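*Asks:* Quick note, the sequences are listed as chains A and B, same order. For the first sequence, the working numbering assigns the number 256 to the initial residue and increments by one for each residue that follows. For the second sequence, the working numbering assigns the number 2 to the initial residue and increments by one for each residue that follows.
No wet-lab data here; the hints were simulated from the structure. As the structure is a computational prediction, the values presented were derived from the model and not from experiment. Warning: the hint list may mix true and false statements.
Unchecked claim - Computed footprint of chain B on chain A; a stretch qualifies when at least three of its residues, placed anywhere within it, have a C-beta under 8 Å from a C-beta of chain B:
1) 282-290
2) 299-312
3) 352-358
As the list claims (entries may be wrong) - Part of the chain B face toward chain A, derived, beta carbon under 8 Å:
4) Thr21
5) Glu31
6) Tyr32
7) Gly41
8) Met42
9) Tyr49
10) Ala53
11) Phe91
12) Glu102
13) Phe105
14) Gly106
15) Gly108
Glycine included, each C-beta is placed from N, C-alpha and C at the ideal position.
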Amino acid sequence: KQEVTQIPAALSVPEGENLVLNCSFTDSAIYNLQWFRQDPGKGLTSLLLIQSSQREQTSGRLNASLDKSSGRSTLYIAASQPGDSATYLCAALPNTGGFKTIFGAGTRLFVKA
Amino acid sequence: NAGVTQTPKFQVLKTGQSMTLQCAQDMNHEYMSWYRQDPGMGLRLIHYSVGAGITDQGEVPNGYNVSRSTTEDFPLRLLSAAPSQTSVYFCASNNRGANTEAFFGQGTRLTVV
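Bound-form chain A, shown alone (with noise of 0.2 Å):
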C-alpha cells in the first residue's frame, strides 16, 4: 500500500532564505506526483505537477524535482518571501488501483519578514 510522508512537519525561516521541503513515498510505481499549497482556512491551489518519466518542473521559484528509484520528491523554494507561509502537500498517484492519490500530512511552512 501506498504511503507518503512529508518531513518536516513545520518549518520556520527568515525572509530570503532558499528551503527544501522533502516527500517521500514506499511504492515507485506512480503515475504521478504533484505539489500542493493551502493557505489557511482555503482549499488546495496546485504548485506543480511531475509524471513518472520527468524528473523536475519548475515554476517561477518553485523546483519539484522527482526520484522514482528512491521514492522522493523535494520542493525547493528560492528566496523565500512571507508570502510563502502556507502548508505545502505533496501527493501520489499511483500507476494502478485506480484514481486514488495518497496524500502526505503536508510541512507547514512560515516565513519571517
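Could you slot chain B onto chain A? The hints should help.
*Replies:* The following block gives chain B in isolation, referenced to the frame of chain A:
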C-alpha cells in the same frame, strides 16, 4: 471563473441525521473526487468518478454515498452522520487523463454532535 464550487461552507449535524454535500464544476472535467481532511492526517480519498455514471470507492468510503448523473455535479451523501465524520471535506476535479492538475473547492467544514 467559478472553478469548483462546494456548498455549504459550514454545517452542523446531529448524530443520525443525513445530508448531502454539493460539488459542482464548470470546467467540463471528467474526473471528480471527494476527500476528507483531518488534523495531522492529510487528505484521504472517499470516492471518485472518472465520468458521468461511473464512481468508485477510495480509501475511506464507509458511511458515504456518491452518484454522478452529470459531468458537472458530484454530490456526497452522508447516510447517518456520526461524530467520526466531523471533518473538512474537499471536492476536486481533473481534466481528461490522470496527468492533469487537480482543482479544489474551498471545502465544507462539517461538525457532527
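*Asks:* Compare the structure with each hint and give your call.
*Replies:* Structure-based check of each hint:
1. Given as covered by chain B, the segment 282-290 of chain A passes the check, having 3 residues with a CB less than 8 Å from a CB of that chain where 3 are the minimum.
2. Residues of the segment 299-312 of chain A with a Cβ under 8 Å from some Cβ of chain B number 5, which satisfies the need for three, so the listed coverage holds.
3. Note: the segment 352-358 of chain A has 6 residues with beta-carbon separation from chain B under 8 Å; the three-residue rule is met and the coverage holds.
4. About 19 Å separates the beta-carbon of Thr21 (chain B) from the nearest beta-carbon of chain A, more than 8 Å, and the hint is not met.
5. Taking 8 Å as the C-beta contact cut-off toward chain A, the hint placing Glu31 (chain B) at the interface is violated, the least distance being around 10 Å.
6. Hint status for Tyr32 (chain B) relative to chain A: holds, with the closest Cβ pair at about 6 Å, below 8 Å.
7. Restraint check, Gly41 (chain B) versus chain A: the minimum CB separation of about 6 Å is within 8 Å; hint holds.
8. Taking 8 Å as the C-beta contact cut-off toward chain A, the hint placing Met42 (chain B) at the interface holds, the least distance being around 6 Å.
9. Taking 8 Å as the C-beta contact cut-off toward chain A, the hint placing Tyr49 (chain B) at the interface holds, the least distance being around 5 Å.
10. Residue-level restraint check for Ala53 (chain B) is violated (minimum Cβ-Cβ distance to chain A is 15 Å; threshold 8 Å).
11. A distance limit of 8 Å between C-beta atoms decides the matter here; for Phe91 (chain B) the minimum to chain A is near 6 Å, and the interface restraint holds.
12. Look at Glu102 (chain B): its Cβ gets to within about 4 Å of chain A, closer than 8 Å, so that hint holds up.
13. A distance limit of 8 Å between C-beta atoms decides the matter here; for Phe105 (chain B) the minimum to chain A is near 4 Å, and the interface restraint holds.
14. With a cut of 8 Å, the hint placing Gly106 (chain B) at the interface with chain A holds, because the nearest CB-to-CB distance is about 5 Å.
15. Hint on Gly108 (chain B) holds. Least Cβ distance to chain A is approximately 5 Å, under the 8 Å limit.
Figure legend: structure checked against the earlier numbered hints; hints not met, in rising order: 4, 5 and 10.
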